[in-house]
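Top line first, the protein sequences correspond to chains Z and E.
According to this note's numbering, the first sequence holds residues 269 to 552 in order.
According to this note's numbering, the second sequence holds residues 269 to 552 in order.
Just so you know, not all the hints are guaranteed correct.
It does not matter which identical chain is used: a pair holds within one copy or between any two.
[Stated by the list, open to error] Under the rule of at most 25 angstroms between Cα atoms (straight-line distance), these lysine to any residue pairs were calculated in the SDA-like manner:
| # | residue 1 | residue 2 |
| --- | --- | --- |
| 1 | K434 | V482 |
| 2 | K510 | M417 |
| 3 | K372 | L348 |
| 4 | K434 | E509 |
Derived from the structure by calculation, the hints contain no laboratory data.
If you want the building blocks of each chain, they are given just below.
Number of protein chains: 2
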Amino acid sequence: MVVTADMLVEDIDFRLDWTTPELLGHKALAVSLSDIAAMGADPKWAMISLAVSSEIWRSDFVDEFYRGWFRLAEQFQVELVGGDISRTSAGIVIDSIVGGDVRKGTAKIRAGAVAGDAIFVSGCLGGAAGGLRLLESGTGYSSDDSRNMALIERQLAPYPRVVLGKRLNAGSGVTAMIDLSDGISSDLAHICEASGVGAMINASMLPADESLEVLGVGPDEILQMALNGGEDFELLFTVDEKKLSGADLAGCTRIGSITASIGRVELISGGETSLLPARGYRHF
Amino acid sequence: MVVTADMLVEDIDFRLDWTTPELLGHKALAVSLSDIAAMGADPKWAMISLAVSSEIWRSDFVDEFYRGWFRLAEQFQVELVGGDISRTSAGIVIDSIVGGDVRKGTAKIRAGAVAGDAIFVSGCLGGAAGGLRLLESGTGYSSDDSRNMALIERQLAPYPRVVLGKRLNAGSGVTAMIDLSDGISSDLAHICEASGVGAMINASMLPADESLEVLGVGPDEILQMALNGGEDFELLFTVDEKKLSGADLAGCTRIGSITASIGRVELISGGETSLLPARGYRHF
């Protein structure tokens, strides 16, 4: 059994004027499912602890929150088994807990990467950060530009890579895995720290979200969003080089290799190699 | 497996000027262990999600909170397996999650009581409410009157009845069980509602906390505290009358019987029988 908890705090982790209660219910579950996916496990049950003000309690918020939550839960046959409701004087706090099953000894963790392993990422990067930028600039969830909406949905309604995580775990080559919640520069550093290795990634190989073009920013800024933008909830994982040929890596992109330089995460960009600082999300 | 979550919100569920971070860590775990105890289960693992301000993060709060948490966890060999840390702009929110084991099909729940069952409660009642009253009146945790401290400790450092819960579950007579978090008048109503039965309890049989004398209030007020005071975290349970003679009920007091009057909780007091309204704690 594996289990995970994620706490979301109003005005720190989400803003009610940017999202809807239904999307928030979706996201609360999605971030925890993403953790389960990163372990290669199968989500089975969940709990929600919710603290809201009396005003929110009397509104439709809770019903709509659960509607969004259940819609996603049904897709993965996740059963709500409990939780708690508390009152706050102001502000909403959500704790999302998900438990899952994985065959004993096969759960993927951050430790396990060794020098020479290939580094892969699923999907594309920076979209959630792009969506956040749009929301900050006043472009709302109901934007009629589809590329705007693609980015905003990456931010407000991330889709957890549960199916991919299980498929990767069923193969034999994955040595370490994490979900991209803070941003690659931070999350890759987490893998390196836990595994006692280093990493070298190539800027030109990073699959930046194509919708980021709508922001009208230059390639350097798009690169920064792909490297440091949090909440993409894609999977970042390492694969034993010798088992690469037999691995089913559809939908994933190789972005570099694990090195023996303990704790050093390096970026090759424009022919130059530089140290990549962890600039992803930090709570404190 | 059984699992439970309890969310504690600053200035709603606790006040920092009344307690210490260590006692708060103890209580956060204790309330969840109490839930596990009420199911007759064996607590095994736990998670803590904590949302605090930057100011609290920079203080000793988190270290001391965990010190109190671990001291209680060690007593029951409960392992911390995860959790989350989030930031708030102000105020502390704690979500305490505990998982436990129980032999399949034997977990005790609120449903299961039938007419004729005896109603029992462990320990004594109203102490936590008495402690709350002292704290509200300005008597602090460092009071030098031992009866004051007994009440205040009932409020700030409740002790979960894990050993008793497992012992009761190992016997064969318990039909329904709940822990007293809201107060008997509410928690007994929860059992009656879930079981589709009624209850009749006798005021003279209620084991009011003897330390309540220190408050200098009359017997009626002590009765109200025993009936409606929350957070005693004792076990309230029903026992099949035919299995009473074989049950090990040491430390527990019979307070009445389950009836067939669906949803009616009645109180016999001074020779009169009246309907007992659920006046325990309500979040909203």
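Results of checking the hints against the structure:
In this homomeric assembly, K434 and V482 never come within 25 angstroms of each other (Cα to Cα): the closest approach is 33 angstroms inside a single copy and 61 angstroms across copies. When the C-alpha separation of K510 and M417 is checked against a cutoff of 25 angstroms, the pair qualifies neither within a copy, at 40 angstroms, nor between copies, at 66 angstroms. Taking the shortest alpha-carbon separations for K372 and L348, both the intra-copy value of 24 angstroms and the inter-copy value of 19 angstroms come in at or below 25 angstroms. When the C-alpha separation of K434 and E509 is checked against a cutoff of 25 angstroms, the pair qualifies only within one copy, where the shortest distance is 20 angstroms, while the shortest distance between copies is 51 angstroms.
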